Amino acid sequence: MLMGFFKRLFFGDHTRLQDRDLAHDHNHGRKQLSSKKLSENVDYLLSNFHKSNDLKIRVLNEGNAALLYFESLSDQEKVFEKIFAPVENGQIDEISKLRSARITQNLEEVITNLLGGQAAYIEDGSNKVHLFDVTSCYNRTPEEPQNERVIRGAHDGFIENIMININLIRKRIENRNLTVKYIKLGTYTNTNVAIIYMDGIADPSLVQEVERRVSSIETDMVHSPGLIEEYIEDQTNTPFPQMLHTERPDRVVGNLMEGRVAIMAEGTPTTLIAPSTFFMFYQASDDYNMRWFTGTFIRLVRLFSFVIAVGLPAFYIAIVGFHFEVIPDELIIPVKASINEIAYPPIIEALVMVVIIELIREAGVRLPAPIGQTIGIVGGLVIGDAVVRAGLVSNLMVIVVALTAIASFVVPSNELSTALRLLTFPLIVLAGTMGFVGIVFGMLIIIIHLTKLQSFGVPYLAPVAPLNFGDLKDTFVRLPMFMMKTRPKDSHAIKPDALNPVRKWKLSDQQGSKPNQQPDGAEASSKKQSDR
Amino acid sequence: MILTALILLTGCWDERQFKNISLVLSMGFDTGEEQAIRQTVSIPTVTRSSEGPGQEFINVLSTEAHTPREARDKIDMMISDNFDPSKVRVVVFGEELAKEGIFPVLDDMYRDPKSNLNAYMAVVEKGTAEEITRLRATGETRISEYLGGMLETAASSTHTTGENLQLLCAELIEPGIDFSVPLIELDKQNGAINFSGMGLFHEKTYTGEKISAEKSTLYMLLQGKKGKIARLTEKVSGENDEITSYATVEVNKMKRKMKLTVDDGVTADIHVNLELKVVEYPSDHLYVKGKIKMLEEQLTDVFTKESEKILTTLQEANSDVFGIGRRVKAYHPDYWNEVEWSEEYPEIAIVPHFDIKIIEHGIMN
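In order, the protein sequence lines correspond to chains F and S. The opening position of the first sequence corresponds to residue 1 in the working numbering, with each subsequent residue numbered one higher. The opening position of the second sequence corresponds to residue 1001 in the working numbering, with each subsequent residue numbered one higher.
Bound-form chain F, shown alone (with noise of 0.2 angstroms):
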C-alpha cells in the first residue's frame, strides 16, 4: 500500500485506477457509509433486504465477524474454495487479508454487489467490508436456436447469459474496435444492456442515437427484447418489425461487420438488430453457405412468398368472387365444381380457413412436442379433409389456404411472419368487397406505408426504395461474394469498402502462368528433339 503511493507519487501517475464494473455506476450516487460495529452494518444489510430468507449470514471468529451471500445465488464450493480454504490451508490467518478482495466502505455498494452474488465479509472493529466473487451461474449449452436453423454453417446459438454471448461474438471479431457498452435498465430488475458495434465502421451518430435511446427508458423491468424494441424503436403503430431479432452469432456479427449496432440483454438469447430494412428480413445465413446461384433461387423463392403470404386468399376471393372469366376455359369446370355447393361466399370461407389454420398453428406452438405432433395431423388431415367433405368449404380454399400458411413460414424471421400473415386479414377483406381493385388499394396502401416506414433513420424499403442498384446485389439476389466489395448504404456505415479483391490469386495466376508455360512448352520440345 504504502510502496504503490510512493511508486504514483515517483512515476507521476496521479489518478487512482478503479475497478471497473458492470454496476459501477448505479448506485445513483446514493452512499452508505459503514460503521465499526459489525452489528450495525449487518442490521442495516438485513433490514434492506427485509429480513430475505436466503441471505446467509455466517458469523465467524466467535461473533466478531459475519460473512453474508445469497445462498440462492453463490455457489457454496466457490465460498468453501475462495474463502476458507487458504484460511484453513495455513497459507494465510484471516479472511481479511485476502488478496482476491475487493474493499469497499459503501454498504449501497455491498447492497447491489451481494445482488450480484457476491460474499461480504465484515469485521468488527473495522468499517472495511470485503467482497468475494462467489456467484454461481447456470447456463444451458450454447446449441443451435430451434427457430433458426441451418443446414450448413455454425451451430451455435445465444443463451440467456450476456457475458456468454458477448464471448460468443468476441471470439468471432478479434478486434479492437469492437466495442461493448452496457447500460443498466429497469429500475427494479437492474437488466444489464449490452450496445455492441464496430468503431470505425458504424456511424458514431447512429451509434449515439442507439444509446440516447437505449439509456431513455425509464421502467420498472425489463424483461425481454420485444419490451426494448417498443421502448427504441421508430413507429409502433405498424405490424412490421423495424429491428431484427436473432440468437445466431453469425448472423450479429455479419451485421456488425455491415455497421451495424446490436443490443443484448441479460436472461434472453436473443439480439436486437439496428438498423434494419425489410429485405434483411429475407436474408437466412444459410444464402451465404450455399452458392451464389442456390443462394439466389433461394431468396427469389422467398421473396416471392411474401407476394404468395400476403395476397394468394385476396386474389382467389377477388376471381370466384368477381373476375371469373381470368380462369382458363380448361379449369372452369373443375373451379365451378369444387365451389358450386358451397354454402358461405367465399370470403367466410376464406377468414374461417385462415383463422382455423392459425388457431392450428398456435396449438401446435403451446403444447408440448409429443401433443404438438397429433395437433398437426388432426389439423392438417381430419379438419381439412371433413371440412371439404362436408361441403362448409372448398377445397380450392383449401389448397389457398394452406398455401398461403406455408408461404408466410418460409420467411426466416418470426416477426415478419406474423405481420404477414396479419395482412393477410385486411387483404381478404377487401378483395371480397371491391374485387381485384381492392387488392391494388390495399398493396398500395402497404407499399405507401413500407416506403414510409423507417428505422433508425434508414428507410425501410432501402435499396428499393431510395433505389440504389449497387446494393441490389445482396437483397433480391445473392450476388456472389467477391462482388460484395462494399459495405450497404443503408447501414451508413463510414468504412464502405468491405473487401480488397478475394480474388487477386486469380489475377496474379493469369499473368504468371504465361510466362511459366513458355519455357516449360520449349522445355518438352528440347527433350523431345533430344529424344530423337
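Since the hints were made in silico from the structure, they are not lab data. Since this is a predicted model, take the numbers as computed values, not measurements. Think of the CB as a built atom: it goes at the ideal place given N, C-alpha and C, for glycine as much as any other residue. Treat the hints with care, since some could be wrong.
[What the hints assert, rightly or not] Rough simulated footprint, nothing fancy, chain S against chain F, three-plus residues with beta-carbon under 8 angstroms:
#	region
1	200-212
2	315-323
3	330-338
On the provided structure of chain F, position chain S as indicated by the hints.
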C-alpha cells in the same frame, strides 16, 4: 362506422359470385319460325364430389325471341342461376341466319363488356345451330370443348384464320374488307362434326360460297396466314398411278406481299414466297440433279392454277377477304370515291405469283 361501411361496401353491388352463375359455354343462333331468332345454349352443371371430378350434366335450352338479348332473358328465366356468357367458347350460326346477316345477333355481344370476345365463330353448313348444340358426341362431354378444340386445331394446321369475335368485328363493320368464317357440317352417321371449309362473307352476310377444306390451306397462304403447320398435298404429275403422282409438302417459311396497281382498273398481284419441305413424295429420286428443280416448277404450276380457282370463287362471292378495298381506300382515295367497290371488286384482276423453294426433303438419301 359509416365511413368504413362506405369504403367496404362500395364494391359489393357488382359482386358476381362464381357459384351463383350458370356458365354458358356455347351458343347457337338460328332463324326462328315465329320470331326472328331461335337461340340454343348449352349449360354444363357439375355436382361436387370430394374426390376427383364431379359428375357433369349438360343442359341444352332453346327459345325463340325477337332479339338475342330477349332470348337470353327468356333462358335466364328457365334456369336457377344467372345466365352468364362471359366464358362462351363458340358461337354457332345456322346457315339461314348467316345468310340474313350476323351483325344484329353479335351486336349484343359487342356491347356487353362482360361477354367473351375471344370466342370462336362458326357457321353450320346445311343445318341449324340447334342440331349442333344439341349434339352429344361420343367421347367429348361438352360441345363447347369439342367445337372449340376443333376450330383451334384447324387454325393451327392453317385451315382457318383462327379469328375470334373481336378480330372479326373490324372486318364486319369496315366496307373495304370482308372475311371468311369456318364452316361446320353435322355428320349424322358418325355423330360427329366436320370442318367443311371456309364460308365467304360479303359485308355482313354469308354468301353461300365456300372454299373447301382441302383448298383452305392454300387460301390461308394467299391471305398471308400460317398456323403452326401448313401442309399441302397436290397432284404433281400426270401419271396414272394414283399414289405416286401426289406430293405432300410442308411450309417452313412463308412471305406474302400484295401489290396494287391502279390505273383504269385495279390489279392486285399477290406474291407468295414459300420455303418448302417435302414430307411425302412416293416417286422418289429427289437426289437426282434437277429433280428438285422440276418438282419446284410443278408445284408452282399447280399452286398458281389452284389459286386462280380460289380467287375466282372469291370474286364470284364478292368477298374481299384480302382487304384490297381497304388498300384502295387508303392509297387511292380518289378512285375509291369514284367506284362502288362491291360492284368493282368482281371485275378486278387478282394475279397470284408463287416463288417456291424446296429446302428439305426428309432424311431419305
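Exercise. Tell me, which hint numbers fail for this structure?
Worked result: As far as the earlier hints go, only 1 is violated by this structure.
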